[in-house]
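**Q** Spelled out from the first residue to the last, the chains are:
Protein chains: 2
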Amino acid sequence: MKTSLECIPCFVRQSLDVVKMITDNAAEHERLMRDCLKWISEINIGLTPPAVAQILHRKMREVTEVKDPYKAAKDAHNNLASELVAPLKSRLRSSNEPFFMALRYAIMGNVIDLGAKNGISREDIYAEMKNADKQPLFGDLNAFKNMAAEAKKILYLADNTGEIFFDRLFIEQLPASRVTLAVRGAPVINDATREDAELAGIGEIAEIIDNGSDAPGTILQDCSPEFQRRFEDADMIISKGQGNYETLSDVEKNIFFILKIKCPIISAHAGLPVGTYVASRLKPNK
Amino acid sequence: MKTSLECIPCFVRQSLDVVKMITDNAAEHERLMRDCLKWISEINIGLTPPAVAQILHRKMREVTEVKDPYKAAKDAHNNLASELVAPLKSRLRSSNEPFFMALRYAIMGNVIDLGAKNGISREDIYAEMKNADKQPLFGDLNAFKNMAAEAKKILYLADNTGEIFFDRLFIEQLPASRVTLAVRGAPVINDATREDAELAGIGEIAEIIDNGSDAPGTILQDCSPEFQRRFEDADMIISKGQGNYETLSDVEKNIFFILKIKCPIISAHAGLPVGTYVASRLKPNK
Numbered sequence: 553m554k555t556s557l558e559c560i561p562c563f564v565r566q567s568l569d570v571v572k573m574i575t576d577n578a579a580e581h582e583r584l585m586r587d588c589l590k591w592i593s594e595i596n597i598g599l600t601p602p603a604v605a606q607i608l609h610r611k612m613r614e615v616t617e618v619k620d621p622y623k624a625a626k627d628a629h630n631n632l633a634s635e636l637v638a639p640l641k642s643r644l645r646s647s648n649e650p651f652f653m654a655l656r657y658a659i660m661g662n663v664i665d666l667g668a669k670n671g672i673s674r675e676d677i678y679a680e681m682k683n684a685d686k687q688p689l690f691g692d693l694n695a696f697k698n699m700a701a702e703a704k705k706i707l708y709l710a711d712n713t714g715e716i717f718f719d720r721l722f723i724e725q726l727p728a729s730r731v732t733l734a735v736r737g738a739p740v741i742n743d744a745t746r747e748d749a750e751l752a753g754i755g756e757i758a759e760i761i762d763n764g765s766d767a768p769g770t771i772l773q774d775c776s777p778e779f780q781r782r783f784e785d786a787d788m789i790i791s792k793g794q795g796n797y798e799t800l801s802d803v804e805k806n807i808f809f810i811l812k813i814k815c816p817i818i819s820a821h822a823g824l825p826v827g828t829y830v831a832s833r834l835k836p837n838k
Numbered sequence: 553m554k555t556s557l558e559c560i561p562c563f564v565r566q567s568l569d570v571v572k573m574i575t576d577n578a579a580e581h582e583r584l585m586r587d588c589l590k591w592i593s594e595i596n597i598g599l600t601p602p603a604v605a606q607i608l609h610r611k612m613r614e615v616t617e618v619k620d621p622y623k624a625a626k627d628a629h630n631n632l633a634s635e636l637v638a639p640l641k642s643r644l645r646s647s648n649e650p651f652f653m654a655l656r657y658a659i660m661g662n663v664i665d666l667g668a669k670n671g672i673s674r675e676d677i678y679a680e681m682k683n684a685d686k687q688p689l690f691g692d693l694n695a696f697k698n699m700a701a702e703a704k705k706i707l708y709l710a711d712n713t714g715e716i717f718f719d720r721l722f723i724e725q726l727p728a729s730r731v732t733l734a735v736r737g738a739p740v741i742n743d744a745t746r747e748d749a750e751l752a753g754i755g756e757i758a759e760i761i762d763n764g765s766d767a768p769g770t771i772l773q774d775c776s777p778e779f780q781r782r783f784e785d786a787d788m789i790i791s792k793g794q795g796n797y798e799t800l801s802d803v804e805k806n807i808f809f810i811l812k813i814k815c816p817i818i819s820a821h822a823g824l825p826v827g828t829y830v831a832s833r834l835k836p837n838k
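So the sequences go chain by chain: L and H.
Everything in the first sequence is counted per our numbering, starting at 553 for the first residue and increasing by one.
Everything in the second sequence is counted per our numbering, starting at 553 for the first residue and increasing by one.
Incorrect hints may appear among the rest.
The list treats identical chains as one, so a pair stands whether inside a single copy or across any two.
As the list claims (entries may be wrong) - DSS-like, lysine-lysine: derived pairs with alpha carbons at most 25 Å apart:
| hint | residue 1 | residue 2 |
| --- | --- | --- |
| 1 | Lys623 | Lys682 |
| 2 | Lys572 | Lys590 |
| 3 | Lys554 | Lys590 |
| 4 | Lys814 | Lys572 |
| 5 | Lys590 | Lys705 |
| 6 | Lys697 | Lys835 |
| 7 | Lys611 | Lys590 |
It should be emphasised that the hints constitute simulated quantities derived from the structure, not laboratory data.
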């Protein structure tokens, strides 16, 4: 999907987040924000939102020479998530439908998205956890479950740090030996990289690869040839989160999108209300 | 108070609101948004937020030749508010404390602020109305009431359209013959002008003047000499809303600010949580 003008306030907010994370110097904040606004005034809105964000975050990293502005936030999210998954594991053990319950938890983890919102608090996550068990899931759930049981090569596209601990819960419900988890090739926003996937212990149950790209989504032509081959070879893609949806919604492939719809633009594009937990191909007519 | 970098996403959102209201032409939307982002990249953050907004909204009006982009939104808010005040009037008649209850309603009306948020819905206003009667008010309320009873010349600085119907309810509880209501001198955002004050029937109970300025606040040096004289002469100023607070918080004068705190910046500046209903001088140490 293309970038909408409604995405612009979000790019501006992301810029402000980064600027504040990089330094405490107020004059530097101001100078950087002015640069960001100029860059945003020149974006190519024919690109997907993650492609625009990729350019913007790259420029910010280049100008400031800070390679991973979100490092502290990402560490905090990983720490928090690692605490939170323990009680969920026991809930799953007593669940009648551990597959769909773990799927809900994976989608719930998708609230930890500093691209869509700034400052996710412990309280935000607790509030989401409280209601997760009863969240309706949008999609043909049997098709999803059957496909996961039958697929020989499942490529699971990760989204964010913290969230990835909840992904692990769901990967445990999949035939994990047939799952490859793909993370970003380099830090961008709070997206998960190999280090985060390892920290969540996913390496113990599934293969981890990276996509070779620093976009907060999956821009196939920007990914490594190896990732592209793995994407082509997979008979089922499980694509997590908004950034992956924004970049893959027009790709012809057996992709199941799992995400929480967090913004009005995605809501309009998918035809589903904000807040919906989705586990669907999101292409009802194809 | 000076503009904060955190105000920038709000300026960007306001720009997008205006752009969408002015035309349905997508190419025009894009061109205008690029202009706005460039202008915002060059703002003087030494100014107050309404002074920045004044420049920005003026530029948008000049470039598009649309004098009052918010006209339709303002009409809708006035229509809605005129419906909503009827039940409140009867609530006031049976209230033990009509002064403070009407004050709450005036502050409640302050949710109709397209500077702080876009798209206020009927539901937003209903939700606010439901809880208004029990809203705690922050401030020295007896000092406020006594001052209003004793003051010879009360200058009431209006804020927004729609909201102004709720202001009328409160002005009826003041010694209205000693009240002068001041509106903006020209349209800006959804701020009330003379036409709106007349529509709310305030002319029947109090004098109406305008401040001669097109800022969404009260920048004294930008106001007409007549308004400045009236401001100087008043022995009590009742200043409504965030824009007036942002522009008058540093002015030495007997000003009572009445507003709902709607954004984290004002919250930090006033030292009160977002959501607080304020009726206070907000200068505890002076």
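**Q** So, for every hint listed, does it hold in this structure?
**A** Verification of the supplied hints:
In this assembly of identical chains, the alpha carbons of Lys623 and Lys682 never lie at most 25 Å apart, being 28 Å within a copy and 43 Å across copies at closest. For a Cα distance limit of 25 Å, the shortest separation of Lys572 from Lys590 qualifies both inside one copy, at 18 Å, and across copies, at 21 Å. Taking the shortest Cα distances, Lys554 and Lys590 sit within 25 Å of each other both inside one copy (20 Å) and across copies (22 Å). For the identical chains of this complex, Lys814 and Lys572 are neighbours both inside a copy (23 Å) and across copies (22 Å), given an alpha-carbon limit of 25 Å.
Proximity of Lys590 to Lys705 under the C-alpha cut-off of 25 Å is found in neither arrangement, the shortest distances being 44 Å within a copy and 48 Å between copies. Only within a single protomer do Lys697 and Lys835 lie at most 25 Å apart by alpha-carbon distance; the minimum there is 17 Å, versus 62 Å between protomers. Taking the shortest alpha-carbon separations for Lys611 and Lys590, both the intra-copy value of 12 Å and the inter-copy value of 17 Å come in at or below 25 Å.
Going through the hint list in order, the structure does not satisfy hints 1 and 5.
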